[in-house]
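Enquirer: Could you put the whole structure together from the sequences, leaning on the hints where they help?
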Amino acid sequence: MALDRSAGRLARCIRCTRHERTLPIRTFTTTAPSRLETQETQASSEPPPPPAGATTDAPKPRLRDPNTVSTRAAEQQLIQHQRITPVGSRRRRAAIASTSNIPFSELPYQCFQEARAVLQADRKQKLEHIRVQRERIERFKAKDVAPQDEAHKEKKVADMRRRLEEQKILADINDPVVKRKFEDGEGDLNKPIYRLLADRQWRSYRRTLLLQRITQMNVVPDVLPAIDPVVSTALSFAGKRVQHGDFVDSRMSELAPSLQIQPYDKGKRLYTVVVVNPDVPNVQKDAFDYRCHFLASNIEISPTDTRVRLGLLGEEGQVILPWLPAYGQKGAPYQRMSMFVLEQAKSEGGGEFQTIDVAAVKAGGKYTQRHGFNLRSFVDKHLLKPVGVDLFRTKWDEGTAGVMQRAGIVGWDVEFKRKRVEPLPYKRMDSVRYR
Amino acid sequence: MATLACLESALSSLRITNKPAASLPRITLRNASHQAQGRANKAKQGPGKRLGAKKTGGEYVIPGNIIFKQRGTLWFAGDNCFMGRDHTIHAGVPGYVRYYRDPARHPTRKFIGIVFQKDQSLPQPTHAARRRHLGLLAYQMPEPVVEAEIEEPLGSGLTSYQPPSAPRQPTTINLKPTTNNPQGLQLTLRPGYQYRQSNYEIGRSAERKEAAAQAKGKTTRAYNDYKPGDRFAAWRKSALRIARNNERKAMGRGNKGAKAKK
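Line by line, the protein sequences give chains F and L.
With the first letter of the first sequence counted as 1, position 190 gets the number 190 in full-length UniProt numbering; the numbers rise by one all the way through.
With the first letter of the second sequence counted as 1, position 231 gets the number 231 in full-length UniProt numbering; the numbers rise by one all the way through.
It is possible that part of the hints are untrue.
Unchecked claim - Residues of chain L clear of chain F, computed beta-carbon distances all greater than 10 angstroms:
1) R50
2) T56
3) R105
Said to hold, decoys possible - Derived DSSO-like pairs (lysine-lysine); straight-line CA-CA distance at most 27 angstroms:
4) F:K168 to F:K143
5) L:K118 to F:K419
6) L:K54 to F:K419
7) F:K427 to L:K54
8) L:K118 to F:K427
Hints in this document: simulated from the structure, not taken from any laboratory.
For glycine and all other residues, C-beta sits at the position ideal for the given N, C-alpha and C.
Expert: This is the structure we're talking about:
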């Protein structure tokens, strides 16, 4: 409001979320889809040509390089006119702009080059260890072993594989180029080192914050008894990011959101996504019920393919309960819409992820009822493992009645009011006590 | 020897530092009022504050009831209870009081909580869904009154209220050009019923005036533009400034003299 009132030259904060800022968000992958997207949208959505009679006084803004913009004004021009975010830190960009284009590995500092030599020798050693370990694994697997020792052999192979993964990390962890690439968002999450760095970064702050929100708002233990988040989630409604626990306008959550699920271990896997509301008021019981707002299985996710548009999943093989808009009736407390990412079970021998038979679940009838949906029972029945969680909240606002009417939900004109509690009977003392 | 003894006895009565033959008993001081009566234990005495439990375990309470009055937190507010500003534990819901320990929540603290039924106990089992209390009743919302359906009162002759079609234009006042503002000022009605320029306009006014003057080939600057390194120009500017200041001071002193004379 303050910004609208005094129009004029007020600095517009780049990160300000009160205005509509649909900026491309940087992701971890090396193909930089965000930048590709912006380039495509740039090409496809050209600004409309000015009307014939208009005189264009403002000069054409010059094209700026995202690697070398270092002043605030230049950065703002880059974002507003070219819709690209600057790469890396401002100090780095200023350094690149002011020095000649020397590759990082050839910087002319003696101590730096000596250190590089030491690190390269160490890396060579680690690569040798990796080669040796791989041979060891192959030789050990080829060994014949008595049937009663099969389990022991498999355990040992698994341990050796784990050691091999550790060695792969050790080979790359000291490389400054790897660190720079990760920090610039160019890391390829198919490689174990970038996955480790991304996991470490998530765990250092955002996972702690997520756990705090989940615990303080009692999502756990109200919906599931316990959870150890292993994948990170990013929820957005209509392109706008929603932080964990944010209030979302009912009109914004009318359509199904887009969820980004980021796993930090390799390979493709199948997830089930479920959205449960544990705060449905039940006046007869004088307590709360559960309601399932969305249920879909067999969603394939990998470290590089993380985006799920919940509204575009297939009805036949994936969606069991389609998206029901989140709503909080008037007078009821805010509704916590908890979103769980559940990993589907792996089959014994091959290590393939088992698909859930959606048709069978729909025919079964127990998990097709939204009201009174028991997530604990669903998880136990289908041997699912909770790996990720997200949360947003909803309450009564101006658009809720409209949303409920359009979705055909009964009760848009219901209002909850506090029940009168009978006061306790007190014995009236004689008047002396009340003086 | 006898003479010596006589002499001894004669002199002994005159000696000052001899052991006293018979010392008189010392008179000790004893006041009527004891010092302790003034300060020492007074703090512990005084009217009792009626602290402690007001509702015992198992008693039925309603929201707001005081359960325990204390100084500091001997007991903490557990399930469905809240703590007031003086650490008083109040009930938050209608139910039955329970005094309990919850090692999962804190290893040593004691809690006061409320359960909804007499057979329930606290602490609640870990990893179980919490027992919660709704405390609301559902009502039908009244039909919203639509404006179009209101019938005009008979014989009033007044038309129904029409909201303004266009938003009120912000009032602007144009001041005439003066020596200070040759272009004239434009003031708009701002929140708080004041007519004023916006802050950025005020901040830029000096810049604008200089630009306008330069467009005419003049300048509003008192001194020439600063040229870094040109010490002669800097000296001239400084000398000019000092001369002006002295002139101004002299004028002021003259006025004072004139006033004093009067």
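Enquirer: If a hint holds in the structure, say so; if it doesn't, say that too.
Expert: Cross-check of the supplied hints:
No Cβ of chain F comes within 10 angstroms of the Cβ of R50 (chain L); the nearest lies about 14 angstroms off, and the non-interface call holds. A cut-off of 10 angstroms between C-beta atoms confirms that T56 (chain L) is not in contact with chain F; the least separation is 14 angstroms. Residue-level check passed: R105 (chain L) sits 12 angstroms from the nearest beta carbon of chain F, beyond 10 angstroms. Taking the CA atoms of K168 (chain F) and K143 (chain F), the gap is about 25 angstroms. The hint holds against a cut of 27 angstroms.
With a CA separation close to 21 angstroms, the supplied pair K118 (chain L) and K419 (chain F) stays within the 27 angstroms bound. As the CA atoms of K54 (chain L) and K419 (chain F) are separated by approximately 25 angstroms, the hinted pair is consistent with the 27 angstroms bound. Taking the CA atoms of K427 (chain F) and K54 (chain L), the gap is about 16 angstroms. The hint holds against a cut of 27 angstroms. For the hint linking K118 (chain L) to K427 (chain F), the alpha-carbon distance of about 24 angstroms falls within 27 angstroms, and the restraint holds.
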